[in-house]
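Undergrad: In case you want the letters, here they are:
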Amino acid sequence: MHSFGYRANAVLTFAVTILAVICTIASISDNFNSASPTAEVQVSNINWFQKQPNGDDVVGLTLNISADLQSLFTWNTKQVFVFLAAEYETQQNSLNQVSLWDGIIPAKEHAKFVIQTTNKYHFTDQGSNLRGKEFNLTLHWHVMPKTGKMSADKIVMTGYRLPDRYR
Amino acid sequence: MDWQGQKLAEQLMQILLVGFAVIAFGIGYTIGSFQMMLLIYAGGVLLTTLITVPNWPFFNRHPLKWLDPIEAERHPKPQPSVVTATSKKTKTSSKSHQK
Numbered sequence: 001m002h003s004f005g006y007r008a009n010a011v012l013t014f015a016v017t018i019l020a021v022i023c024t025i026a027s028i029s030d031n032f033n034s035a036s037p038t039a040e041v042q043v044s045n046i047n048w049f050q051k052q053p054n055g056d057d058v059v060g061l062t063l064n065i066s067a068d069l070q071s072l073f074t075w076n077t078k079q080v081f082v083f084l085a086a087e088y089e090t091q092q093n094s095l096n097q098v099s100l101w102d103g104i105i106p107a108k109e110h111a112k113f114v115i116q117t118t119n120k121y122h123f124t125d126q127g128s129n130l131r132g133k134e135f136n137l138t139l140h141w142h143v144m145p146k147t148g149k150m151s152a153d154k155i156v157m158t159g160y161r162l163p164d165r166y167r
Numbered sequence: 001m002d003w004q005g006q007k008l009a010e011q012l013m014q015i016l017l018v019g020f021a022v023i024a025f026g027i028g029y030t031i032g033s034f035q036m037m038l039l040i041y042a043g044g045v046l047l048t049t050l051i052t053v054p055n056w057p058f059f060n061r062h063p064l065k066w067l068d069p070i071e072a073e074r075h076p077k078p079q080p081s082v083v084t085a086t087s088k089k090t091k092t093s094s095k096s097h098q099k
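Chains as they are written, first to last, in UniProt numbering: chain A, 1 to 167; chain B, 1 to 99.
Hints in this document: simulated from the structure, not taken from any laboratory.
One should not assume that every hint holds.
As the list claims (entries may be wrong) - With a Cα cut of at most 20 Å, we get these calculated SDA-like pairs of lysine to any residue:
| no. | chain 1 | residue 1 | chain 2 | residue 2 |
| --- | --- | --- | --- | --- |
| 1 | A | 108 | B | 30 |
| 2 | A | 146 | B | 55 |
| 3 | A | 146 | B | 40 |
| 4 | A | 149 | A | 72 |
| 5 | A | 133 | A | 157 |
What the hints assert, rightly or not - Derived coverage of chain B by chain A (criterion: at least 3 residues anywhere in the stretch with Cβ under 8 Å from a Cβ of chain A; other residues may be distant):
| no. | region |
| --- | --- |
| 6 | 5–17 |
| 7 | 34–43 |
Just so you know, even glycine gets a beta-carbon here, dropped at the ideal spot from N, CA and C.
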């Protein structure tokens, strides 16, 4: 500690070390938060349901999404990415996932929402397997903390069915 | 900055930084604001820098008493008694000739 530069260096390195420590503790403090998110999705209309010229089925839906993800937010949460996926089984693949809608929730105040929307991304099957297909709608979310590890979870909603005929 | 001042500066730096970190985390966690925690801590680091980095007068209250040149000529070889007079700073004594 004999010179100006030596003291400045000591303050800087010790300050950054402590910063790393408090960020680690902040990340650990997230574990005390028990999240209990809820979500509900209704398919209010099948707008169109066609077979494309290349043979793939494609569906246009109107969705009614209501969710309360406020409990995911802690003081260490930067944002939450949320997306709704249609998941179904075909003969070739045991799990097909098609993302229909997504969004970024920047703050806790926006984490409780009800929206009515058409599917943002095409609900297309690689093949023509969608007629009369039972499918799940799964709300996935990825929590992005300010410091620490990202985490992901989901809510699976079952009991949706596509019509037997194109329209 | 004298020996006592250097020791004081290091201790002040450590205590102040840890103290501000504890306060910042406590307030940030309580009001649920990560930004407030960082602001308080940044302010604390700035204050600690201002207190401990410049060579303030209160770090120079224990100046080293060197022997007069005549006294040194009278004792060409340093006596053990002279060494023990400053031996309580032996931890940093390797740099003693720089100041």
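Undergrad: Would you mind marking each hint as holding or not holding in the structure?
TA: Right, here's what the structure says about each hint:
1. A C-alpha spacing of about 17 Å is found between residue 108 of chain A and residue 30 of chain B, which places the hinted pair at or below 20 Å, so the restraint holds.
2. Of the pairs offered as hints, the one joining residue 146 of chain A and residue 55 of chain B is violated, with about 37 Å between alpha carbons and a cut-off of 20 Å exceeded.
3. Only pairs whose Cα atoms come within 20 Å are accepted, and residue 146 of chain A paired with residue 40 of chain B is accepted, the gap being roughly 17 Å.
4. A hinted pair counts as satisfied when its Cα atoms are at most 20 Å apart, and residue 149 of chain A with residue 72 of chain A qualifies at roughly 14 Å.
5. Among the hinted pairs, residue 133 of chain A with residue 157 of chain A is consistent with the structure: their alpha-carbon atoms are about 15 Å apart, no more than 20 Å.
6. Here's how the region 5–17 of chain B fares: 7 of its residues keep a CB closer than 8 Å to some CB of chain A, so the rule of at least three is met and the hint holds.
7. Coverage of a stretch by a chain is defined here by at least three residues with a beta carbon nearer than 8 Å to that chain's beta carbons; for the region 34–43 of chain B and chain A the count is 3, and the condition holds.
Consistency note: the structure conflicts with earlier hint 2 alone.
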